[in-house]
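In the order they appear, the protein sequences are chains U and B. Under numbering that gives the first Met the number 0, the first residue of the first sequence carries the number 0, and numbering increases by one thereafter. Under numbering that gives the first Met the number 0, the first residue of the second sequence carries the number 0, and numbering increases by one thereafter.
Honestly, I wouldn't trust all of these hints.
Unchecked claim - DSBU-like, lysine-lysine: derived pairs with alpha carbons at most 35 Å apart:
no. : chain 1 : residue 1 : chain 2 : residue 2
1   : U       : Lys402    : U       : Lys321
2   : U       : Lys278    : U       : Lys427
3   : U       : Lys402    : U       : Lys278
4   : B       : Lys91     : U       : Lys313
5   : U       : Lys249    : U       : Lys278
6   : U       : Lys313    : B       : Lys90
7   : U       : Lys20     : B       : Lys92
8   : U       : Lys321    : B       : Lys92
9   : B       : Lys24     : U       : Lys313
10  : B       : Lys90     : U       : Lys20
11  : U       : Lys321    : B       : Lys91
12  : B       : Lys91     : U       : Lys249
13  : B       : Lys92     : U       : Lys249
14  : U       : Lys402    : B       : Lys91
15  : U       : Lys321    : U       : Lys427
16  : B       : Lys92     : U       : Lys313
17  : B       : Lys90     : U       : Lys321
18  : U       : Lys20     : B       : Lys91
19  : B       : Lys92     : B       : Lys24
20  : U       : Lys20     : U       : Lys278
21  : U       : Lys278    : B       : Lys24
22  : U       : Lys402    : B       : Lys24
23  : U       : Lys313    : U       : Lys402
24  : B       : Lys24     : U       : Lys20
25  : U       : Lys402    : B       : Lys90
26  : B       : Lys24     : B       : Lys90
27  : U       : Lys402    : U       : Lys427
28  : U       : Lys313    : U       : Lys427
29  : U       : Lys278    : U       : Lys313
30  : U       : Lys249    : B       : Lys24
31  : B       : Lys90     : U       : Lys249
Keep in mind the hints are simulated off the structure, nothing from the lab. These numbers come from a predicted model, not from an experiment.
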Amino acid sequence: MDTVIQFSYVISAALFIFGLKQLGSPATARRGNMISAIAMLIAIVAALLDQGIVEYQWIAIGFLVGAIIGGLAARLVQMTSMPEMVALFNGFGGMASLLVGWAALAPGSATFTLVTIIISILIGGVTFTGSMIAYGKLSERIGSGAVLFSGQQVVNSLIVLGILGGAVMFCLQPENINWLYLVVALSLVFGVMAVIPIGGADMPVVISLLNSYSGLAACAAGFAVNNNILIVAGALVGASGIILTQIMCKAMNRSLANVLFSGFGSGKTETTAVEGEIKPITADDAYYILEAASNVAIIPGYGMAVAQAQHVVKELAELLEKNGAEVNFGIHPVAGRMPGHMNVLLAEADVPYDQLLEMDDINPRMENVDVAIVIGANDVVNPAARENEGSPIYGMPVINVDKARTVFVLKRSMASGFAGIENPLFYKDNTRMLFGDAKESISGLVREFS
Amino acid sequence: MIPAEVFLTFILMLTIFLGFELINKVPATLHTPLMSGANAISGITVVGAIGLAGTGQQDISNWLGAVAVGLATINVVGGYMVTDRMLAMFKKKES
Numbered sequence: 000m001d002t003v004i005q006f007s008y009v010i011s012a013a014l015f016i017f018g019l020k021q022l023g024s025p026a027t028a029r030r031g032n033m034i035s036a037i038a039m040l041i042a043i044v045a046a047l048l049d050q051g052i053v054e055y056q057w058i059a060i061g062f063l064v065g066a067i068i069g070g071l072a073a074r075l076v077q078m079t080s081m082p083e084m085v086a087l088f089n090g091f092g093g094m095a096s097l098l099v100g101w102a103a104l105a106p107g108s109a110t111f112t113l114v115t116i117i118i119s120i121l122i123g124g125v126t127f128t129g130s131m132i133a134y135g136k137l138s139e140r141i142g143s144g145a146v147l148f149s150g151q152q153v154v155n156s157l158i159v160l161g162i163l164g165g166a167v168m169f170c171l172q173p174e175n176i177n178w179l180y181l182v183v184a185l186s187l188v189f190g191v192m193a194v195i196p197i198g199g200a201d202m203p204v205v206i207s208l209l210n211s212y213s214g215l216a217a218c219a220a221g222f223a224v225n226n227n228i229l230i231v232a233g234a235l236v237g238a239s240g241i242i243l244t245q246i247m248c249k250a251m252n253r254s255l256a257n258v259l260f261s262g263f264g265s266g267k268t269e270t271t272a273v274e275g276e277i278k279p280i281t282a283d284d285a286y287y288i289l290e291a292a293s294n295v296a297i298i299p300g301y302g303m304a305v306a307q308a309q310h311v312v313k314e315l316a317e318l319l320e321k322n323g324a325e326v327n328f329g330i331h332p333v334a335g336r337m338p339g340h341m342n343v344l345l346a347e348a349d350v351p352y353d354q355l356l357e358m359d360d361i362n363p364r365m366e367n368v369d370v371a372i373v374i375g376a377n378d379v380v381n382p383a384a385r386e387n388e389g390s391p392i393y394g395m396p397v398i399n400v401d402k403a404r405t406v407f408v409l410k411r412s413m414a415s416g417f418a419g420i421e422n423p424l425f426y427k428d429n430t431r432m433l434f435g436d437a438k439e440s441i442s443g444l445v446r447e448f449s
Numbered sequence: 000m001i002p003a004e005v006f007l008t009f010i011l012m013l014t015i016f017l018g019f020e021l022i023n024k025v026p027a028t029l030h031t032p033l034m035s036g037a038n039a040i041s042g043i044t045v046v047g048a049i050g051l052a053g054t055g056q057q058d059i060s061n062w063l064g065a066v067a068v069g070l071a072t073i074n075v076v077g078g079y080m081v082t083d084r085m086l087a088m089f090k091k092k093e094s
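Sequences and hints are given; from them, build the entire structure.
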């Protein structure tokens, strides 16, 4: 029987890999996810066949409760709330790994097993509380700004030292359960401390990193219970999270250390004055310019998600196309609160994915664009990143909307972006500001067209 | 005979390289579904939890295992369903 179980894990691992491969193209992605789900089902059935299992009632209750909660949450969540949903699920996965690591502790465990137990508890704990804080920030249940206090570094260093000390003592004296409790408690505290100094717009990095941790925690739990399917699946997730983290950091031209420790955007403002004046525009005038345009680029940001404007944006894009214009969307890698956030929202509004261009594809075309419409984006279209060496975001790749003939910026007010950085785009000669709620402003334009 | 821990570490090493190769090719437009799909996979912990929840020992490991089954199942079921919901919306332009 054990051989059958182990071979089922081999099949399951192959299907996980194949499923992830299929996730690499929009045409096959849905099938890929299905294949990955089948792989999970095979692994679970195989695990249930284990002869060590004598009692099924707790497993059944766990399945039932988990399936109901997970299923309802997946069905009811709004697409705009996807980042916090992912954070929440992620946290549960981390907690599960912590508990498995803990439960794997048996008298007389080898030192190697003890080390893996403590690692799965540590990573699982950090993933759990870190994800919960990320959830709180993303859903705005707690303030989304960076939380910094004096002596933060010292406190964090002490926590890390405490974890290390506790971990070593646990491996030396596993019979003293207090060391275990110490590491569990400090891991949970550390997860909180690691995420509070990170501000809202850096969330794409954090959520990718926590995703990676949840995989690594599963991996460590796999070592603790000596199960290779946990190691394979966990390592795949770990690798995927690390790659996304790298992509996000590169898109902000910042190192991972800078994102995690600097408390970026916590109220420092620059002093460099920007020359020029703000030129507001009315929906009427904007309509006349748009009507004459033959090439329009739409650049969405987090503001589009907040205003839930994706459906009216799609409506506007359709009207522009009917009017004979070519319409493309330019998506910055860190627009929104998680990797690919804008793509999902626009997909929800039925915008075909081949109309969504990545930054590197839209930038060379920008000079031929008649009107670039910036909806609730700020830092990702800031030309200071290209021109002003003194700017905190200098060197960050941005979408060069200022090179379009005319730029419309849809914005609530003149408050600066998340990073507290002045945006010279707003003062350029070819920029017109359309103030107000993004959804209402676009609805206004749509009404003018019809 | 290779000791178990060496064998498992070997698997880990190969899988990490494989994971990097696989994910590097995923286009930006699929990053959110990729992340939530990967998230569902990380619920694989449920497999480890099942073994601990079914020992019938009525000890702390047993209880912890049962709770872990529940939490990991939320992760698995919720993760796959929400990913499917998202992917169902991705459409190519009809020409």
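Hints and how they fare:
At roughly 25 Å between alpha-carbon atoms, U:Lys402 and U:Lys321 fall within 35 Å of each other, so this suggested pair holds. At most 35 Å may separate the alpha-carbon atoms for a hinted pair to count; U:Lys278 and U:Lys427 meet this at roughly 9 Å. At most 35 Å may separate the alpha-carbon atoms for a hinted pair to count; U:Lys402 and U:Lys278 meet this at roughly 17 Å. Distance check on the hinted pair: B:Lys91 and U:Lys313 sit about 15 Å apart at the alpha-carbon level, within 35 Å; holds.
Between U:Lys249 and U:Lys278, the direct Cα distance comes to roughly 33 Å. Compliance with the 35 Å bound is thereby established for this hinted pair. In summary, the hint linking U:Lys313 to B:Lys90 is supported, as the alpha carbons are separated by about 14 Å, within the 35 Å threshold. At roughly 23 Å between alpha-carbon atoms, U:Lys20 and B:Lys92 fall within 35 Å of each other, so this suggested pair holds. For the proposed pair U:Lys321 and B:Lys92, the alpha carbon gap of about 15 Å is at most 35 Å, so the pair holds.
A distance of roughly 28 Å separates the Cα atoms of B:Lys24 and U:Lys313; the hinted pair therefore holds under the 35 Å criterion. Taking the CA atoms of B:Lys90 and U:Lys20, the gap is near 19 Å; set against the 35 Å cutoff, the hint holds. Our distance criterion of 35 Å between C-alpha atoms is met by U:Lys321 and B:Lys91, whose separation comes to about 19 Å. With a C-alpha separation of about 28 Å, the suggested pair B:Lys91 and U:Lys249 falls inside the 35 Å cut-off, and the hint holds.
Under the criterion of a C-alpha separation no larger than 35 Å, the hint pairing B:Lys92 with U:Lys249 is consistent with the structure, at around 30 Å. For the proposed pair U:Lys402 and B:Lys91, the alpha carbon gap of about 29 Å is at most 35 Å, so the pair holds. With a CA separation close to 30 Å, the supplied pair U:Lys321 and U:Lys427 stays within the 35 Å bound. With a C-alpha separation of about 13 Å, the suggested pairing of B:Lys92 with U:Lys313 holds against the 35 Å cut-off.
Between the alpha carbons of B:Lys90 and U:Lys321 the distance comes to roughly 20 Å, so the proposed pair stays at or under 35 Å and holds. Only pairs whose Cα atoms come within 35 Å are accepted, and U:Lys20 paired with B:Lys91 is accepted, the gap being roughly 19 Å. For the proposed pair B:Lys92 and B:Lys24, the alpha carbon gap of about 22 Å is at most 35 Å, so the pair holds. A distance of roughly 49 Å separates the Cα atoms of U:Lys20 and U:Lys278; the hinted pair therefore is violated under the 35 Å criterion.
Using a Cα cut-off of 35 Å, the hinted pair U:Lys278 and B:Lys24 is violated, with the two alpha carbons roughly 43 Å apart. Note on U:Lys402 and B:Lys24: the hinted pairing holds, with a Cα-Cα distance of about 30 Å set against a maximum of 35 Å. Restraint check for U:Lys313 and U:Lys402: the C-alpha separation of about 24 Å stays at or below 35 Å, so the hint holds. With a C-alpha separation of about 9 Å, the suggested pair B:Lys24 and U:Lys20 falls inside the 35 Å cut-off, and the hint holds.
Distance restraint check for U:Lys402 and B:Lys90: the Cα-Cα separation of roughly 30 Å lies within the 35 Å cut-off, and the hinted pair is therefore satisfied. Between B:Lys24 and B:Lys90, the direct Cα distance comes to roughly 20 Å. Compliance with the 35 Å bound is thereby established for this hinted pair. For the given pair, U:Lys402 sits about 10 Å from U:Lys427 by alpha-carbon distance, which is consistent with the 35 Å threshold. Restraint check for U:Lys313 and U:Lys427: the C-alpha separation of about 27 Å stays at or below 35 Å, so the hint holds.
Restraint check: the Cα-Cα separation between U:Lys278 and U:Lys313 comes to about 26 Å, which is no more than 35 Å; the hinted pair holds. Distance hint between U:Lys249 and B:Lys24 is fulfilled; the C-alpha atoms sit about 16 Å from each other, no more than 35 Å. For the hint linking B:Lys90 to U:Lys249, the alpha-carbon distance of about 28 Å falls within 35 Å, and the restraint holds.
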